[in-house]
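Can you build the whole structure from these sequences, using the hints too?
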Amino acid sequence: GAVVSQHPSWVICKSGTSVKIECRSLDFQATTMFWYRQFPKQSLMLMATSNEGSKATYEQGVEKDKFLINHASLTLSTLTVTSAHPEDSSFYICSAQFWDSEAFFGQGTRLTVV
Amino acid sequence: AQSVTQLDSHVSVSEGTPVLLRCNYSSSYSPSLFWYVQHPNKGLQLLLKYTSAATLVKGINGFEAEFKKSETSFHLTKPSAHMSDAAEYFCVVKDKNDYKLSFGAGTTVTVRA
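These protein sequence lines are chains A and B, in that order. Take 10 as the starting number for the first sequence in the working numbering and just add one per residue. Take 376 as the starting number for the second sequence in the working numbering and just add one per residue.
In case anyone wonders, no lab produced these hints; they're calculated from the structure. Bear in mind the structure is a predicted one, so any value in this text is a computation, not a measurement. You can take every hint at face value.
To be clear about the criterion: a stretch of chain B counts as covered by chain A if any three or more of its residues have a C-beta under 8 Å from a C-beta of chain A, and this derived list gives those stretches:
1. 418-429
2. 464-477
Think about it this way: if two alpha-carbon atoms lie no more than 25 Å apart in a straight line, the pair counts; the simulated DMTMM-like pairs of lysine to aspartate or glutamate are:
3. B:Lys424 / A:Glu111
4. A:Lys50 / B:Glu463
5. A:Lys73 / B:Asp473
6. B:Lys471 / A:Glu68
7. B:Lys475 / A:Asp74
8. A:Lys64 / B:Asp470
9. B:Lys424 / A:Asp109
10. B:Lys417 / A:Glu68
11. B:Lys471 / A:Asp109
12. B:Lys417 / A:Glu111
13. B:Lys417 / A:Glu31
14. A:Lys50 / B:Glu390
Beta carbons are placed, not taken as given, at the ideal position from N, Cα and C, and that holds for glycine.
This is how it looks when you write it as structure tokens:
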């Protein structure tokens, strides 16, 4: 299957700083990318959907000013957690797909805010 | 609207015995159904998918699932569990006319030696 690379795999940051997570589709053009958040022992919660070249669509309850998403090219989307706080600590996963095809997932990023 | 119910939050089996993970779905349109596996601190790996072709779907690592429209089910099975099958499993549904995926709550599989 296609490969989606997410970087970094884990990051520790100080409270109040910002963290950027990258999601790259390595061997296909991702017209749509999704960002999920996963709490311990829980399922994936969709945060936002991003289409290349347009603004991301955020799910209800997700703060767009805190979780900045940029999908500048067909192979790269970034999620920036701004002014991170301990409650933002979580596992973040991206997925990418070409139009209506199957979604491929990144390996996830463990964010810990101290 | 689409939704998924995984009927078991936790399944424990002995190595070498069959595994059954149950999934029921609701969907307004012709659905695509998927099973993903997630190992700790990892992303999701596709085990198999149903997209309106054969109702019995064979996947990787010896897993298979059967789509039963009359029962709105898509249960995942494996005839003989291996220690490496210990992980979290997600049943996922996608409507034909929707780009979003709906995830089940997940089933944790433990395998006893």
